[in-house]
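First to last, the sequence lines map onto chains A and B. Mapping to the numbering used here: the first sequence position 50 is 70, numbers consecutive. Mapping to the numbering used here: the second sequence position 44 is 45, numbers consecutive.
Quick caveat, the hints were computed from the structure, so don't treat them as lab data. Just so you know, not all the hints are guaranteed correct.
Partial list, computed: chain B residues near chain A (C-beta under 7 Å) [as the list claims (entries may be wrong)]: (1) LEU4; (2) LEU17; (3) LYS143; (4) ARG178; (5) ALA180; (6) GLY181; (7) THR183; (8) LYS187.
Since the structure is predicted, the reported quantities are computational estimates derived from the model, not experimental observations. Heads up, the beta-carbon is just placed ideally off N, CA and C, and yes, glycines get one too.
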Amino acid sequence: MPVYFFHIRDGARLILDPQGSDLPGLHAARDEARASVREFAIEALQHRLPVDRLHVEIVDEDGTTLDIVRFSDVADGD
Amino acid sequence: MALANHVLSHLSQDDLALLQPHLEPVELAFRKNLEEPNEAIKFAYFPDDGIVSIVANGGRGRMIEVGVIGRDGMTAQPVVMGTDRSANSTFVQVAGTAHRIEVAALRKAMDRSPTLRRSLLMVVQAFLTQAAHTALANGTGKIEERAARWLVMAHDRLTGDGLPLTHEFLAIMLGVRRAGVTVSLKNLETLGLISTKRKVIEVRNRAGLVKLAADIYGVPEAEQTRLTGWRSLKFSR
Numbered sequence: 021m022p023v024y025f026f027h028i029r030d031g032a033r034l035i036l037d038p039q040g041s042d043l044p045g046l047h048a049a050r051d052e053a054r055a056s057v058r059e060f061a062i063e064a065l066q067h068r069l070p071v072d073r074l075h076v077e078i079v080d081e082d083g084t085t086l087d088i089v090r091f092s093d094v095a096d097g098d
Numbered sequence: 002m003a004l005a006n007h008v009l010s011h012l013s014q015d016d017l018a019l020l021q022p023h024l025e026p027v028e029l030a031f032r033k034n035l036e037e038p039n040e041a042i043k044f045a046y047f048p049d050d051g052i053v054s055i056v057a058n059g060g061r062g063r064m065i066e067v068g069v070i071g072r073d074g075m076t077a078q079p080v081v082m083g084t085d086r087s088a089n090s091t092f093v094q095v096a097g098t099a100h101r102i103e104v105a106a107l108r109k110a111m112d113r114s115p116t117l118r119r120s121l122l123m124v125v126q127a128f129l130t131q132a133a134h135t136a137l138a139n140g141t142g143k144i145e146e147r148a149a150r151w152l153v154m155a156h157d158r159l160t161g162d163g164l165p166l167t168h169e170f171l172a173i174m175l176g177v178r179r180a181g182v183t184v185s186l187k188n189l190e191t192l193g194l195i196s197t198k199r200k201v202i203e204v205r206n207r208a209g210l211v212k213l214a215a216d217i218y219g220v221p222e223a224e225q226t227r228l229t230g231w232r233s234l235k236f237s238r
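Whenever a hint applies, use it, and build me the whole structure from the sequences.
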C-alpha cells in the first residue's frame, strides 16, 4: 500500500508527520485528512481559536504534495 | 524472589506464599494480546515494567483505551471479580517483563485467603477509578490535555524518561486522528515539556505536563494510594 504523509500547516510553521500511514489510495488519504480537519476545528473551538487555523497537506513518499484539505472543504458537512 | 510489581510486593508473607509457587517470570512483548474480548482469560499478569492497555471494543472496529496497568497493578481483573472473561481486550502497549499465574491457581489462592481476595479487589477498585477518569478526560478534555495525562500516567509506571510510543498508537488509544496527536505533541514539545524522537517520546518537564493535565490527573492516583498503597516514584518530581 502507498504511504501518505499528513503534514499540518499552522501559519508559518509546518508540522511534519514523522511516520506516514499506509492507505489504499488518495481517496482514503483525503478521507483521513477531512476527518483530521474536522477534529482540528473542534479542538480550535475548545481553545477559543479560529476553526480554520490549520490545514492538512497530503504528501507522497517522494515529497510531492498531492492535495491540501482545509476547513472550508468540510465546513458544509458531507 | 525479587518482585518489582507493587501488588505482589505488598501482599502479606502468607498471601504471597499462596501465589509464589505458581508465579512464572515472562516477557511482555510489544503488542502481545493478553486478553481477547469474550474469551476465557488464561493468566493474570503482574508487570514489573512496561505498560498494558485495557481497550473497550465497539462495533465496526471502534475502540478506545480505558486504562493502563504497569507495575502498579495486575491484569485479569474480571477473574478477581469472579468471572472468566470480559468484553474488553488487553494487550502490551510498552514492552516489559512480568510474573504471571494461571487463573485456576489464582482462584484457588483467593478462595483460601480472604485477605488476598481483598487486596486484589482493592486493585480492581483503583483501576475502576482510573477508568472513570479516562471517561472524564475523554468527555471533557482537549486532545493536548488528554495526551499530557496519558504521558504522565505512562511515565508514572515506567523507569526513566523515555516512552517508546508511536503517534499512531497514541492516536488509537486516545480515539483521535493521527494528525491531532502530531499537533498536540508538537505543542507539548514547543512548551518544552517533551521531546519527540523517531519512536520515543522523552519527558522533559513532568511537572509541566501534570500542570497542563491538572483537571483530569491526580484523583485516581490519590485513590490508588489510599486503596493499595502504590505511589509512583516519579510523584515527587
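Now for the hints, and whether the structure bears them out:
no.	hint	result
1	LEU4	37 Å, violated
2	LEU17	43 Å, violated
3	LYS143	5 Å, holds
4	ARG178	4 Å, holds
5	ALA180	4 Å, holds
6	GLY181	5 Å, holds
7	THR183	6 Å, holds
8	LYS187	5 Å, holds
Of the numbered hints stated above, those contradicted by the structure are hints 1, 2, listed in ascending order.
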